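Visitor: Here the structure of chain A is known, so what remains is to put chain B in place on it, guided by the hints.
Chains as they are written, first to last, in our numbering: chain A, 1 to 298; chain B, 299 to 534.
Treat the hints as calculated values from the structure; they're not laboratory data.
All values reported here derive from a predicted model rather than from experimental measurement.
There could be a bad hint or two in this list.
List of simulated lysine to aspartate or glutamate pairs, EDC-like, C-alpha gap at most 16 angstroms [claimed, not checked]:
| # | chain 1 | residue 1 | chain 2 | residue 2 |
| --- | --- | --- | --- | --- |
| 1 | B | Lys350 | B | Glu382 |
| 2 | B | Lys350 | B | Glu370 |
| 3 | A | Lys191 | B | Asp371 |
| 4 | B | Lys356 | B | Glu322 |
| 5 | B | Lys368 | A | Glu183 |
| 6 | A | Lys191 | B | Glu370 |
| 7 | B | Lys503 | B | Asp524 |
| 8 | B | Lys393 | B | Glu425 |
| 9 | A | Lys88 | B | Asp351 |
| 10 | B | Lys393 | B | Glu408 |
| 11 | B | Lys350 | A | Glu183 |
| 12 | A | Lys124 | A | Glu52 |
| 13 | B | Lys511 | B | Glu304 |
| 14 | B | Lys368 | B | Asp351 |
| 15 | B | Lys503 | B | Glu325 |
Covered by chain A, according to a simulated footprint, are these stretches of chain B (three or more residues, beta-carbon under 8 angstroms) [as the list claims (entries may be wrong)]:
| # | stretch |
| --- | --- |
| 16 | 361-370 |
| 17 | 381-392 |
| 18 | 397-410 |
By construction, the Cβ of each residue, glycine as well, lies at the ideal position given by its N, Cα and C atoms.
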Amino acid sequence: MQQVINVFLIGISIGSIYALMSLALVLVWRSTRVVNFAQAGQAIVTTYVAWEVVNRSGSFLMAFILAVAIGGLIGGLVESGMMRTLFKHASDGPVAAVAPVIATLGLLGVIRALVGLIWTNEGKRFESPVSTAGFVIGDTTLPFSRLNLLIICTAAIVMIVFSILFQRTNLGLALRAAAYNPEIARLSGVKVSMTRTIGWVFAGAAGAVAGILVSSNDTLNPYSLDVLFVFGFVAAVVGGLESLVGAVVGGLVLGVGLSFITFYLGTSLVFPTAFIVLVIVLLVRPSGIFGVKGARSA
Amino acid sequence: MTLKVERLVVEHGAIRAIDGISFEVAEGSLAAVIGSNGAGKTTLLRTLSGLKDAKLGKVSWMGRDITGMKPEDLVRRGLAHVSEGKSVIPELTVKENLALGGLWRNNKTELAQSIEEVVEIFPRLGERMSQRADTLSGGERQMLAIGRAHVSKPSLLLLDEPSLGLAPLVVEQIFQTIAMLCRDRGITVLLVEQNALGALAIADKGIIINLGKVVAQGDAKELIDDPALRSAYLGY
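Same shape as in the complex, but just chain A (with noise of 0.2 angstroms):
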């Protein structure tokens, strides 16, 4: 039972890096209908940076702040940099469709060529800012740790900041009508471009905290966060690529799902599993599990 309890925490723990990196996603899907691969990219530039400032000055806070404060600028100005121009210039025919996609695509090898010429394709230990020995209750020592604690405690107050942002505020009201209707929002003065930029924004932010929080104790290269990528877009699928909500549970299922077959079947068994949910999703339900069938056309 114990091992069970055990197994679930570090599955909430893992699933709550997989729930930030798929609001990510989810963000720019609801501001802009892409699904945005160079955000792998964008969160390794964030990460690197992270590492870079540990280890000049030793603060994790502050790495931890700059990175999603870069994170967030280079989420805004991708999207009014480079979708903009695209979406001015590619917003009829087949290609609107594929353009973007591409696009993104293309702006995530670039980012892995630059950070490789910056920082070489070497692994950079990336070391983490709390002991990831397990805790101890008697004279059991537990897998759970302080790091996996920190994870958690991160990625609940990220949740926390965005849903009340989302729920509470007048930007979180015209974002969500920008986001189901951009047309109603703007015959009600909503600024839908800006709207566009800022859930980018917050999208750069969130795919920075997942990035710095996966990579802690770990090594980090230009590939490295690829896979958390690939996970963090099962979630989203999982949720319905619409949802926010959805996007959380998503990760949360998924990561304590994975841990789970880690733990009793095996390591090389849980990348298949997360495709293997994928397209069964897909089959069974396409909209998610809190997608509405046909909410929405566009």
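Guide: Leaving out everything else, chain B in the frame of chain A:
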């Protein structure tokens, strides 16, 4: 201080949806644009509110040229457009839909006041404030759409077929409310309708359009009584 549309031309690709339309609506009056499906009514409203670009021509409101302005900027100049088909956001609550109309003013007291006014006009919305808009009936949704426009405090209200798909009793109520908004609150209204009789009955002026052109315009009561127009365009 009028809405003035001059030689407006709007195209959908190769098709001329609006083919040189001109008319005026005096401040504080109610004008009805009548026409069958495909006459260009919706395109006309979408162009006036900035959702669609005009190819040629000019639109001015209160002496200012507003041609080509964006919808979000036009709202700030007092123009509200209730688009076709109960334009509410079903995923948001009734209160959120209403608040949306007042977001740009960023003033909590004014917003609360405006929402109270809407509840006075449509008491049924008051009982459903925290419900999602998709739980409302068709008539209630139309009330909500008009309510949202009202919260943005328009001086010019554009309404696209508010009677569409509603029961006769509800249509009557919606038309009476529209007339009241114009008469009691001084809002200039441009009402687009297929329901010619109902719309002309509350309107000061009627504008009949067909295939993107104005075929007749003038005093609403006279249009109703014109036998030639009746058989050709009004359909009764």
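Visitor: Hints first: check each against the structure and report whether it holds.
Guide: Status of each hint after checking the structure:
Between the alpha carbons of Lys350 of chain B and Glu382 of chain B the distance comes to roughly 14 angstroms, so the proposed pair stays at or under 16 angstroms and holds. Distance check on the hinted pair: Lys350 of chain B and Glu370 of chain B sit about 13 angstroms apart at the alpha-carbon level, within 16 angstroms; holds. The straight-line distance between the Cα atoms of Lys191 of chain A and Asp371 of chain B is roughly 9 angstroms, inside the 16 angstroms bound, and the hint therefore holds. Among the hinted pairs, Lys356 of chain B with Glu322 of chain B is consistent with the structure: their alpha-carbon atoms are about 12 angstroms apart, no more than 16 angstroms.
Of the supplied pair hints, the one linking Lys368 of chain B and Glu183 of chain A holds, its CA atoms being roughly 11 angstroms apart against a limit of 16 angstroms. A distance of roughly 6 angstroms separates the Cα atoms of Lys191 of chain A and Glu370 of chain B; the hinted pair therefore holds under the 16 angstroms criterion. In summary, the hint linking Lys503 of chain B to Asp524 of chain B is supported, as the alpha carbons are separated by about 14 angstroms, within the 16 angstroms threshold. This hinted pair checks out: Lys393 of chain B and Glu425 of chain B have alpha carbons roughly 11 angstroms apart, not beyond 16 angstroms.
A threshold of 16 angstroms between alpha carbons decides the hint, and for Lys88 of chain A with Asp351 of chain B the separation of about 15 angstroms falls inside it, so the pair holds. For the proposed pair Lys393 of chain B and Glu408 of chain B, the alpha carbon gap of about 14 angstroms is at most 16 angstroms, so the pair holds. For the proposed pair Lys350 of chain B and Glu183 of chain A, the alpha carbon gap of about 11 angstroms is at most 16 angstroms, so the pair holds. For a cut-off of 16 angstroms, the pair hint linking Lys124 of chain A to Glu52 of chain A stands: about 10 angstroms separates their Cα positions.
A hinted pair counts as satisfied when its Cα atoms are at most 16 angstroms apart, and Lys511 of chain B with Glu304 of chain B qualifies at roughly 12 angstroms. Taken as a hint, the Lys368 of chain B and Asp351 of chain B pair is honoured in the structure, with Cα atoms around 9 angstroms apart against an allowance of 16 angstroms. Distance hint between Lys503 of chain B and Glu325 of chain B is fulfilled; the C-alpha atoms sit about 12 angstroms from each other, no more than 16 angstroms. Counting residues of the stretch 361-370 of chain B whose beta carbon lies closer than 8 angstroms to any beta carbon of chain A gives 3, which reaches the threshold of three, so the coverage claim holds.
Coverage of the stretch 381-392 of chain B by chain A holds. Counting CB-CB distances below 8 angstroms, 7 residues qualify, and the rule asks for three or more. Only residues whose beta carbon comes within less than 8 angstroms of a beta carbon in chain A count, and the stretch 397-410 of chain B has 6; three or more means the coverage holds.
Figure legend: structure checked against the earlier numbered hints; every hint is met.
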